[in-house]
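The lines below spell out each chain.
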Amino acid sequence: MDVKETAASLGLDEDEYMDMLDLFFESGGSDLKKIEAAVAAGDAGRGQEASHSLKGSAGSLGLNAIYELTRIIDDRLRRGELDGVKKMVGRLRKEYDGLAAEAVRKPA
Amino acid sequence: MNNIASQKPLSALVVDNDKLSARVLSSILSQKNYEITFAYGGLEALRILADTTFDLVFLDLIMPRISGDRICRYITQSPRHAHSKVFIVSGAALEGHQKIAELKPFACIAKAPYDIMHKNILNALEELDKEPHENMLLFAEGVHARSVVQELLFSQRHFESILSSMTEAVFELDSCGIITYVNESARLLLGRQEWELIGRDFCSEFSEDSAAGINKALGLIMQTAHSRAAELCVSLQERELFLSFRNVIRDDEIIGATVVVNDITEKKLLDQERCLRERLTGVIEMASAAAHELNQPLTVISGHAQLLLRECAGNEALERRVRIIYDQIERLGRLTRQFSGIATYKTKDFGDNLKIIDIEQSSSPGGR
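Listed in order, the protein sequences are those of chains A and B.
Read in my numbering, the first sequence has 5 at position 5, and its numbers run on one by one without any break.
With positions in the second sequence counted from 1, the corresponding number in my numbering is that position plus 108.
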């Protein structure tokens with residue numbers, strides 16, 4: 001992901017966007033862990049709050065791949081449908097870790 | 109809407125449990141030179157709103173513990189905050205705007221990617237300088253409605269309507285005993301508006317003694333993150349209340365408690381009446397049986413006493429004694445008639461905290 005390009009597409013400067021990404025990772029990591037734990041335990045209800053939160057955060061920052069995956073996971077968890085969700089959560093983890101590796105603040 | 113006369117920037121409160129959402133909002137609002145205060149959750153917002161009023165309040169709807177709709181009602185109903193303009197900023201704006209309009213906010217803005225939300229918020233803020241309007245404005249350009257959100261909102265409203273139609277008063281408290289939800293019956297029970305109750309300490313509604321009992325019950329159910337319940341009877345404004353407490357656990361953490369209150373004043377009075385009726389029935393049955401059984405031997409004794417009176421005519425000493433026997437039998441006869449005339453349950457003191465039935469007061473004149 002090109003941070004500068006994504007920031008510009010949203011009408012934000014790079015620094016401000018990076019500040020927002022920091023906040024995204026601050027809560028996103030624990031949200032993702034909660035989703036993973038809920039899916040592993042087969043308890044859809046426990047992951048709903050986290051999936052709602054992660055979906056909203058990703059959506060507002062234009063993180064489309066994470067947003068789309070979380071949107072589907074969130075819908076499934078709310079309906080209590082866990083079939084295939086584990087695989088999607090695996091893909092979400094991959095996307096999330098990939099973004100975290102890419103979006104590292106470069107020294108000034 | 110502006111503070112041009114005083115040259116003072118508008119004050120804005122941003123309420124969102126998600127720090128990123130709050131940051132996104134502040135980034136957009138900073139272009140307007142507002143004085144921004146943040147509340148990262150409904151409870152924090154209530155604490156701030158207890159002391160401070162704001163020109164503008166930006167409010168997320170779905171928040172844990174105390175949701176945005178309750179905060180919105182608190183602001184729009186409270187006379188202190190009458191001048192505040194509330195902007196609901198929600199991911200369910202498009203699907204739920206008809207219900208959101210009932211909360212009477214100034215506007216409802218859809219949560220969306222930054223660029224879209226930026227545009228919608230600026231459009232909403234422009235309306236502040238236009239003619240006042242009664243109906244809520246909706247800003248959801250570039251956002252599409254989703255069926256899953258509609259289902260979610262329907263389900264939420266379904267449970268809300270069940271709660272509001274319950275005859276029992278239902279309170280939700282946070283882990284510190286602060287009221288975060290009241291249903292209609294709870295509002296009626298305490299004779300207060302919702303905005304007067306939300307954010308208050310539940311115990312403060314009761315006397316010191318009752319509050320101590322309530323604190324003890326809350327302490328009991330808040331000890332461990334396992335489902336626990338407690339019950340308590342308290343008096344409030346000459347009413348007898350039965351309180352059922354239960355802790356609320358989410359993700360292995362106690363996040364508060366629910367209190368269901370039954371007004372048992374009427375029930376207690378009815379119980380007392382029923383108890384008296386049952387006692388009276390027992391007394392009447394016993395007295396009637398005794399009167400019935402005593403009546404026959406008394407009639408026989410009375411008849412023989414009358415014969416004896418005739419036979420001992422001239423023997424003054426004997427006649428006097430038989431007369432005493434006859435008079436006492438007549439007295440017993442009157443008593444048995446009173447027994448069978450018992451219609452109410454009246455007692456009199458018999459010393460040493462004992463009470464006995466007052467036959468004179470309990471029987472109707474002339475028997476039944």
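These aren't lab readings, by the way, just hints derived from the structure by calculation.
Just so we're clear, the structure is a prediction, and the values are computed from it rather than from any experiment.
Errors might be hidden in some of the hints.
[Claimed, not checked] In silico EDC-like pairs for lysine to aspartate or glutamate, Cα to Cα no more than 16 Å straight-line:
| no. | chain 1 | residue 1 | chain 2 | residue 2 |
| --- | --- | --- | --- | --- |
| 1 | B | K127 | A | D13 |
| 2 | B | K127 | A | E16 |
| 3 | A | K4 | B | D223 |
| 4 | A | K34 | B | E348 |
| 5 | B | K127 | A | E81 |
| 6 | A | K33 | B | D282 |
| 7 | B | K375 | B | E393 |
| 8 | A | K34 | B | D360 |
Hints versus structure:
no., hint, verdict
1, B:K127 <-> A:D13, "violated, 19 Å"
2, B:K127 <-> A:E16, "holds, 14 Å"
3, A:K4 <-> B:D223, "holds, 15 Å"
4, A:K34 <-> B:E348, "violated, 44 Å"
5, B:K127 <-> A:E81, "violated, 29 Å"
6, A:K33 <-> B:D282, "violated, 25 Å"
7, B:K375 <-> B:E393, "violated, 27 Å"
8, A:K34 <-> B:D360, "holds, 12 Å"
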